Amino acid sequence: MTADFRLPAGGRIDRDSALRFSFNGRSLAGRTGDTLASALLANGVHQTGTSIKYGRPRGIMAAGVEEPNALVQIAEPFTEPMLTATTVELYDGLVADGLSGYGVLAAEPDPSRYDAKHAHCDVLVVGAGPAGLAAALTAARSGARVVLVDDQSEPGGSLLGTDDNLDGRSSDVWVRDVITELDTTPGVLRLDRTTAFGAYQDGFVLALQRRTDHLGFDAPSHVSRHRIWRIRAKQTVIATGAHERPIVFADNDRPGILLAGAARTYLHRYGVQVGRRLAVFTANDSAYLAAIELAEAGIDVPVLLDARQEVPPGLSAECAARGIEVHPGHVVTGTEGHDRLTDVHIGPFGGGQADTVGCDTLLVSGGWNPAVHLFSQLGGTLRYAPETGAYVPGESLASARVAGSAAGTFELTTCVEQGIDAGRAAVTAAGFTPAAEARVPVADVRAEETAAAVLWRVPGGADDRAFVDLQRDVTVSEVERATGAGLESLEHVKRYTTIGTAHDQGKTSGTVAAGLVAEQLGANLAERRPTTFRPPYTSVPFAALGGRDRGELYDPIRVTALHDWHVAQGAEFEDVGQWKRARHYPRQGEDMHTAVLRECRAAREGVALMDASTLGKIDLQGPDAAELLDMLYTNMMSTLKVGRIRYGVMCGIDGMVIDDGTVIRLADDHFLLTTTTGNAAMVLDWIEEWLQTEWPHLRVFATSVTEHWVTVPLVGPKSRDVLAALAPELDVSNDAFGFMTWQDATVAGIPARICRISFSGELAYEINVNAWCGLALWEALIEAGEPYGITPYGTETMHVLRAEKGYPIVGQDTDGTVTPQDLGMSWAVSKKKTDFIGKRSFSRAENLRPDRKQLVGLLPADPSVLLPEGGQIIEHDHLPEPPVRMLGHVTSSYDSAALGRTFALAVLRSGRDRIGEKLYVTKDDEVVAVTVTDTVLYDKEGARRDG
Amino acid sequence: MQLIPCPWCGPREEVEFHYGGQAHVDYPAEPAALSDEEWAKFVFFRDNPRGPFAERWSHAAGCRRWFNAVRDTRSYELLAVYRPGQERPVTT
Amino acid sequence: MTADITTRRTPLDGWTSRFAELAPAVRLTERPFRSQLTLRLRDAGRAAAVSRVLGVDLPETPCTFNRGAGPHGPVEVAWLGPDEYLVLAQPGLQRTLESALREAIGGTQGGAVVDVSAQRTTLALSGPRARDLLAHGCAIDLHPSVSPTGTCVQTLLAQTGIILLVRDADPAEFLLLVRASFARYLAAWLVDAGAEYREEPV
Amino acid sequence: MPAQTNLPDHPSFLWRNPDPAKSYDVVVVGGGGHGLATAYYLAAVHGITNVAVLEKGWLAGGNMARNTTIIRSNYLWDESSGIYEHALKLWEGLEAELDYPILFDQRGVLNLAHSLQDVRDSVRRVNANRLNGIDAEWLDADAVKEVCPIVNVSPEVRYPVLGATYQPRAGIAKHDYVAWGYASAADRLGVDLIQNCEVTGIETTDGRVTGVNTTRGRIAAGRVALAASGHSSELAAMAGVELPVQSHPLQALVSELLEPVHPTVVMSNAVHVYVSQAHKGELVMGAGIDNYNGYGQRGSFHIIERQMSAAMELFPIFARAHLLRTWAGIVDVSPDASPIIGLTPVDGLYLNCGWGTGGFKATPGVGDCFAHTIANDKPHPYNEPFTLERFTTGALVDEHGAAAVAH
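Residue numbers (this note's numbering), protein chains in the order written: chain A, 1 to 947; chain B, 1 to 92; chain C, 1 to 202; chain D, 1 to 407.
A few chain A residues facing chain C, derived, Cβ under 8 Å:
id, residue
1, Lys117
2, Ile557
3, Gln621
4, Pro623
5, His670
6, His708
7, Trp772
To spell it out: a stretch of chain B is covered by chain D in this simulated footprint if at least three of its residues, at any positions, have a beta carbon under 8 Å from a beta carbon of chain D; those stretches are:
id, segment
8, 48 to 60
9, 63 to 75
If you're looking for bench data, these hints aren't it; they were derived computationally from the structure.
All of these numbers come straight from a predicted model, not from anything done at the bench.
Ideal Cβ positions, reconstructed from N, Cα and C, are used throughout, including at glycine.
Excised from the complex, chain A in its bound form (with noise of 0.2 Å):
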């Protein structure tokens, strides 16, 4: 069919536009300002694709997001999955396809650009239809700050969709006129193109904007296609609108049945018209104005079935003026045509004398559900309202209302006067006054004659072939295939049977669906509990929903002062947390393994350094400072001596390590001290949660310093002359700056302070000074120590010399699991103390068993053989058939230089005791024997450590 449905005129299209684009394989022509779906009905395509699930033809059945039928998948310009045709708007190049239920996913990554903007305002409105505009008015004329927002191409509504007058003109000068003046009020933030998907407690609202879809291939790559509004507002005026309910019948599913309201839609706003020769099928007046202004605009419109018995009088008489014949109490009992509707069978209500109009079209309205999934979503009660058959807003709440159609109100005036009242609350509540009465203009529209009848369906006819959810072919058969199940709860008729979980979410089917359930159950549907909404009311790309926090903003990358010393010196790095830390530094040509070996020999046997700025660092004061440190750290901090360094351990109130590091004593009453790198915020907010809320009677307070320094490690048996060439006024000696002592003094003319503190067994300093005279400083070790081969290592080199020592780091040998005594560091403990924080945990029988796992080394018998970090230690010499017991497991693994040889640390069941005996660790599906040993491998004396 190629027929042009476009009418010679009306409509809001350009009609001076031509857009070419391809739905199916077909070329097709269409003007600006059209969807797909109102150029594909202009084209007279009504048929999208075929139905998931029995392959029936399916078409287009309404004009908004409510769309059960018309799926397409985008092709071009790019592959987009499932989007409604009724909501795509048109721009030439268009390529979309028709769905059977199931999207396609690009195979490339997505180009555009995503974000999400903040607004703030006093009063946001929901949708720009009658009740939304003035409801929006009424608030800026009050001086409020004002949001806007309306999922439309161009404010207006369901007036867009109509014909109707105000105040005696078309409703189009009303509109522009309400928006000429919202535009040039201060304070209002207008945004088309904007659908409100999500409504939370506290004014918060999240609205998607689609900015450049519709300019297809000319959207700019540098501004955002999607943005998520994150809207903050003090009064929200929701005025959504309403959805057109249809009537379940036999074959209610066939291409050429639309629902009414969506009829008017494509004639009045896209200049459409939907078929050649209508039938109409209603419960309720709206449809009539669909029958009318159809046949108005020259289109044959032989029958309006209407299933009252009593039809408005009024509206009766203009449809026969019109050549229309109205059928009080008939209803569509069964359609016939396969590819589109070649015909109605119709019959009186209950059954009688039973007639056929041919037609290519039907027309169904089974009332009309207000869009409450806002006011839903933030809580607000729903009630069912008897008389139309739809659920509306219950009591209102706080800081929202509901005005319009969303409310359940549909007469034109009405709706404006709702939107004004509901503008002037919410400014009220909002602290401001409201501006003066605004002047209510005055619709000219057929208000209803004869109230509406709740029909959900045309009972007698084939039910397998009346379906109630389209998209998931859901018919009547199966609702009640349901409930004689046994299921009496709508949510379990929804599972059951699949009913409103698909791409629309019940929209046109989930009050039908709920009063079909009722009916068959023979219960009140005003006593069931209604559906809670939940967000999104409409899908939501998950890009736009990701914005901007991709790739290098995925996360944060925190960096020290030296890192582009260490990009430049060709390190690779290692994420810490969100620390970018560098892990070695190859050579040409070197692998990891030599690197490190290298880099481990330099700090053994010459001087090596490191960028350890990540630690953790937090400056305390106080009088009570000591008698703090006492609780955090299991060993005693008080009795430290200014001038001082001790490294600590703290525990959990479960007794089991959280972090170590080291405590220096600056004064009396001032402390610095280390955490690890991951733990560094953890620390702090733990210290500041005890003294807020446990001791606040303690003077003290906790300042973090992380940042503020550059900490380098300089280590091996040559840093003393390395550091003493940059610091000639400093005494390096070991009795004047001995093991765990520090000093303030000037090194490279930068003022520092150097700790004699050392994480590898190895005689070392560790120099701070402030973060800006990092690279200066550490530039200036490299160049001292370059006649003793100075080497930069990096995180892998520390681990492997500090686990020569037996240091254990937290977190990779210890899991949360372990106490300080399993780490063999019950020296770190303090006996005196009356309690400090985890002691009291240390008594549980668990913590007394002999047979805990405690921190041991391992030499495998094969100094040549890595063992696997993670590898499970048995008792087993081969894998016997599962289940095996395990002994522990292999916390860190390591080639040492120093050694010759393989060793790791592994934590062991009663470890301590098994030192000398030979176990063995898996490795992929093999054994590999190791000697239990001591965690100290290299320089158990500590000889090394002054150098």
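Based on these hints, arrange chains B, C and D on the given structure of chain A.
Coordinates of chains B, C and D only, in the frame set by chain A:
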């Protein structure tokens, strides 16, 4: 995105806050004097009501101050916020 | 051997040209090497002494800052918590201020003073689109009626903590303080956020 | 080819809707997956058929209806892998046992590693699993790509995929089908499934449970078994039993139906997302739990936004998939992220809670072991380690500290 009223900074988005669980659970004066059962109660057992709950929050991304709040765990509505050391206010 | 002081580096060393791409919609510059001190005041009676050192009163209202000039030149003092302030001053004054303030508060009995000059770096942000740029990642309402000149909030911008000072609400001029290790992330985020304002006529 | 155009039909009869009797041998409180499975095994294995399952809403309408249906048993500790593997073995025969098409699909689960410590922990877990007789493999990034070609294993991403653990026998099932399979099988064996029946009190006499008060009247009970996930604290308190669990919202979401792209299940703790493609074709995703206590069956949307960023990092082709529906369950989380199953200080009152995010996958195992515990007044060996007393002795089964693979 809920707003939580920091007693000092005013309402801020919930992502700025750190949750600290039940309020008014004091660290025992003398842990050593407690039985294992009593100690376990302190370490692991917290109320878990469906309804108003006095709990601790810290304005982690703001002023870094801990405070207490009574929040309804059904509606998530904050019924009161108050400073550490203050009595739990009566909420309705 | 002495390192050349000119080799001092700020966290956003080298970003000037990328920031320049944002102009004229947004002007973004790093204010390097400013003296920054955390001041904790246990003894509120010492506030007057502190004011004398700085020439500026400590802000009493949460989420504000005071600016002015005193013996140590122009300073800004920001409220960070009920007993916590951040003192911002010209470069090179951190040691002088540290001792002066410590004396003013009466040592650790009265509170604490910590030099945190290199802990955070400072960005100045202005231009017709400055507020829009922040709105992409900052949930605070920066409308002049809500956040007037003198506002100081600690909050999140994208995924990093910031201290935001409204130096001028209209025309907008903000200072952003960010932890040094997050500075590049924030800079990259801001430059990226500005992508669509670049080609806008102003 | 669509994933599976037509799901198998449910049977034309599921269950009776009886009014509660005056008295039952066993009253199971909670008509979710665990409660229904427990009732089924009580009847099928132990011959105890005078059983009622009391559900305050509709059957399986709580977490059972709200989870992402991942089934796996590759837990670190012997205690956990014991009960989860027991469950997995039961899953493997469940369709036949219940005579219900539960759509159990062993498509494998990948747990991605993004840091060196992730790798260590993963290898540790793989080794432990294998020694416990559980199928487990460590895959490098290339092998991950082979199992799931749409995962972005480029080293250029913020947190590159360094490898993954893989359990081939793991997979997914269709939650409603599982619950209804248990429900209808229990119903056939004479168990009364009573809906819209909220327990308002638990009666005890001399330290022994005697019955429950409900919104549908008092019901006498010889034994009462609690299987109410997020509502366990409230229920246990009715009998004076305190629990160390906290209830939190856990959110999940689905996309529209899509042609098959995702052959397995991918979980990533480091970037906080887990994803599978359900039988019908929708992408099903979950993230971490909301951090505050909550009974609202809703969480904070920023968690979902973050989850989307994470999903896009791992699966760039998801960019234009659409979020269709979000929801939340209420999970009860214990201090060591392991469940509590067993006896209580009240005679005849049995406890099953604290499953956190692990409840669905354990369903058959819990049902079997809990039924055994109730029938014999003694824990099944598989749930022996999961006592309430472990919090006093310190014998925790610390699945979040060590294993750090939730869900």
